[in-house]
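Could you build the full structure based on these sequences and the hints that come with them?
Protein sequences appear in the order of chains A and B.
At position 109 of the first sequence the residue is numbered 109 (the working numbering), and the sequence of numbers has no breaks.
At position 199 of the second sequence the residue is numbered 199 (the working numbering), and the sequence of numbers has no breaks.
Source of the hints: derived by calculation from the structure; they are not laboratory data.
A portion of the hints provided could be inaccurate.
What the hints assert, rightly or not - Think about it this way: if two alpha-carbon atoms lie no more than 30 Å apart in a straight line, the pair counts; the simulated BS3-like pairs of lysine-lysine are:
| no. | chain 1 | residue 1 | chain 2 | residue 2 |
| --- | --- | --- | --- | --- |
| 1 | B | K268 | B | K198 |
| 2 | A | K54 | B | K472 |
| 3 | A | K115 | B | K142 |
| 4 | A | K7 | A | K73 |
| 5 | B | K268 | B | K142 |
| 6 | A | K73 | A | K54 |
| 7 | A | K7 | A | K17 |
| 8 | B | K82 | B | K142 |
| 9 | A | K17 | A | K73 |
| 10 | B | K3 | A | K73 |
| 11 | B | K472 | A | K73 |
| 12 | B | K304 | B | K82 |
| 13 | A | K69 | B | K472 |
| 14 | B | K274 | B | K198 |
| 15 | B | K358 | B | K346 |
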Amino acid sequence: MSLLELKNISKIYGDLKALDNVSLHVDQGEWVAIMGPSGSGKSTMMNIIGCMDKPTKGEVLLDGVDISKESSKALTDIRRDKIGLIFQQFHMVNYLTAVENVMVSQYYHSMPDEKEALEALERVGLRERARHLPSQLSGGEQQRVCVARALINHPELILADEPTGNLDEANENIVLDLFAQLHKEGTTLIVVTHDPEVADAAQRTIVLEHGRIADNRQ
Amino acid sequence: MTKRRMFLRMITASLLRRRSRMLIALLSIGIGATILAGLVTIYVDVPRQMGAQFRSYGANMLILPREGATLTGDRLAEVLEKIPQDELIGATPYRYVRLDMTSRQQSFTAAGTDFSQVPKTSPYFSIEGMYPENTREVLIGKNIADIIGVKTGSTMELTYQPAASSKTAGPEESRLPNAELAGSAEGFGGGIVYVSVKLDDRSAIASLGIDAGTQTPEYGGRTAEDQDFLNQFIGKTLPLTLGEDVDALSGATVTSEAVVQAVNTARKAETAAKPQTLNFTVTGILTTGGEEEDYVFLSLEDMKTLTGSDQLDVAELSVSAGAEQLETYADSISQDSDTVQARLVKRVTRSEASVLEKLTALVFLVTLVVLLLTMICVSTTMMAVVSERRREIGLRKALGASDGSIRAEFLGEGLFLGLLGGVMGGILGFVFAQVVSVNVFGSSITFQPLLLPVTIIVSMAIAALSCLLPIKRAVAIDPALVLKGE
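Written out as structure tokens, the structure reads:
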């Protein structure tokens, strides 16, 4: 069953075609990696899938809804309800503790629940670090908090942008293990990366070049 | 945990854990609120403060007797009841007469007054020595002291010379029923013949007494004893003509003429006021730079002893009230009495009103400028805060925060800042006002309980207003910026 479907989408900035007539199909529960050199259109694709941008042309179906025509307010609602985001720079609210950062996501989604947030932190192995501020956490720990934050609302899709870009190998493995667990539980994962090792962990890798899909291998 | 608790937790964490910038915003609101609260406190207290200050310029109301009426201490007391006691700073009665210092052949204006009230209505009086406390003590003006060369402790003798009455009734007006008249005329050899006449209830002569001691006893002197001569006068109405109404005593024609003339010119007998002299001790010498330096001041008791009268010429009042209120008091005093009238010392009341007006305008202007500066400062700081937190705002939006949530969070932070700043300002403002009041006006200020909530509300409103533009900018932040791996 398809969760995400890009139908002939293009994103054009003036003369530049960031995405050029791209079509992509992602099934429910699939783990897909998107690779490509910088300027290949990865970020643009990520923005569109993450409901933070709209294509100039084409349709984007997320869970059966065409999000390419929605207002930005509606996109915010969809993003909040269906998508969990993980970023290369982690992006924690630097004056809130780890557990509070997880609760921020709950706060915007529905209702903050400290117990549930602590369980999510337990799952990423940071139960003891729950009361620490981001400045007191290592990069790997921060990214694990962000994973906990992304999965707290049980999203249909987890979208990760270079999730291991700033991590050492040990932490990279921890994050990949977490992804594998989520995958096993049936969460759909789309991971943008330039790291072949991260891409290898996925079921399928899509390679973007000059705004087009150059390769789509299992 | 409810959403509201999480909201409060985020806001307080933002302020408490990221101190630097927010501290600047808090400081600017706090200082703004402090100055604001301080100025408002002073503003409210200024009329009272200035009222007391202005009272040092002297009396601002005069109580005077109306034409033909007299002012006395009792009447003054009645008038004073029309003015609230807490507004009446002082009321000083004055009675002015000329007194002679016979030994020096000098004469001065003397003012009888109540020395307990003088310092209240004339605080600018500068005394070398002290105010008189007992009777027979005087305060003398510097000029007089210089002229006659007295010092404190010296004694001086002052005499009240009753003015010769120029308004004594003429002979015709004196001939009232039952009147007692006295007259005199030149008789034989330049000697004066005195008569005293009593009239009956029809104004006819009831009895006549003659003092002819200056006349020759065998001739004119007999007019005083000769019953036949005297009886001619009884029952007659004045004036009389010799030869028609009365016949001259034989051998005393000149004296008889003098008696008739004396009777015809007799006037109402006067109780001649005698000069009064008292001995005084000088207790102080007065310097004012004004005409008071030419006066001698003594107690009303001594004044009464000297003049035999307790009437007053004027009372000077110092009332702590605004120009309009004074006008009301003066009108009510003048309207309710047909013996006294109240007048305002316009020079003083007008300058009070205009100084107060200018002062309040100044405070208002400064308050406005402070508010504006606070708003600019808070707004600028919040603007910097927004650009500093662009990523965080982007993240929140990426996590699903609606524009409304972002607005609510920043407004919440602004209001929280306003609350903290308002509490700080309300307390420090009172301290500030107190310091200003003590240093500028020399008196402490009354705490206005309403000031704290008002300051807090104003601070919160200012903070919220200052946040409007920064919030607009925060809402416009694109959530996609968090993905760009900056």
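Outcome of the hint check:
The hinted pair formed by B/K268 and B/K198 meets the criterion: a straight-line CA distance of about 10 Å does not exceed 30 Å. Under the criterion of a C-alpha separation no larger than 30 Å, the hint pairing A/K54 with B/K472 is consistent with the structure, at around 23 Å. Distance restraint check for A/K115 and B/K142: the Cα-Cα separation of roughly 91 Å exceeds the 30 Å cut-off, and the hinted pair is therefore not satisfied. Taking the CA atoms of A/K7 and A/K73, the gap is near 23 Å; set against the 30 Å cutoff, the hint holds.
For the hint linking B/K268 to B/K142, the alpha-carbon distance of about 45 Å lies beyond 30 Å, and the restraint is violated. For the hint pairing A/K73 with A/K54, the CA-to-CA distance comes to about 13 Å; that is within 30 Å, so the pair holds. A threshold of 30 Å between alpha carbons decides the hint, and for A/K7 with A/K17 the separation of about 16 Å falls inside it, so the pair holds. Note on B/K82 and B/K142: the hinted pairing is violated, with a Cα-Cα distance of about 36 Å set against a maximum of 30 Å.
Between A/K17 and A/K73 the alpha-carbon distance is near 26 Å, which keeps this suggested pair within the 30 Å criterion. The straight-line distance between the Cα atoms of B/K3 and A/K73 is roughly 20 Å, inside the 30 Å bound, and the hint therefore holds. At most 30 Å may separate the alpha-carbon atoms for a hinted pair to count; B/K472 and A/K73 meet this at roughly 16 Å. With a CA separation close to 27 Å, the supplied pair B/K304 and B/K82 stays within the 30 Å bound.
About 25 Å separates the Cα atoms of A/K69 and B/K472, which keeps this hinted pair within 30 Å; it holds. Only pairs whose Cα atoms come within 30 Å are accepted, and B/K274 paired with B/K198 is accepted, the gap being roughly 25 Å. Our distance criterion of 30 Å between C-alpha atoms is met by B/K358 and B/K346, whose separation comes to about 18 Å.
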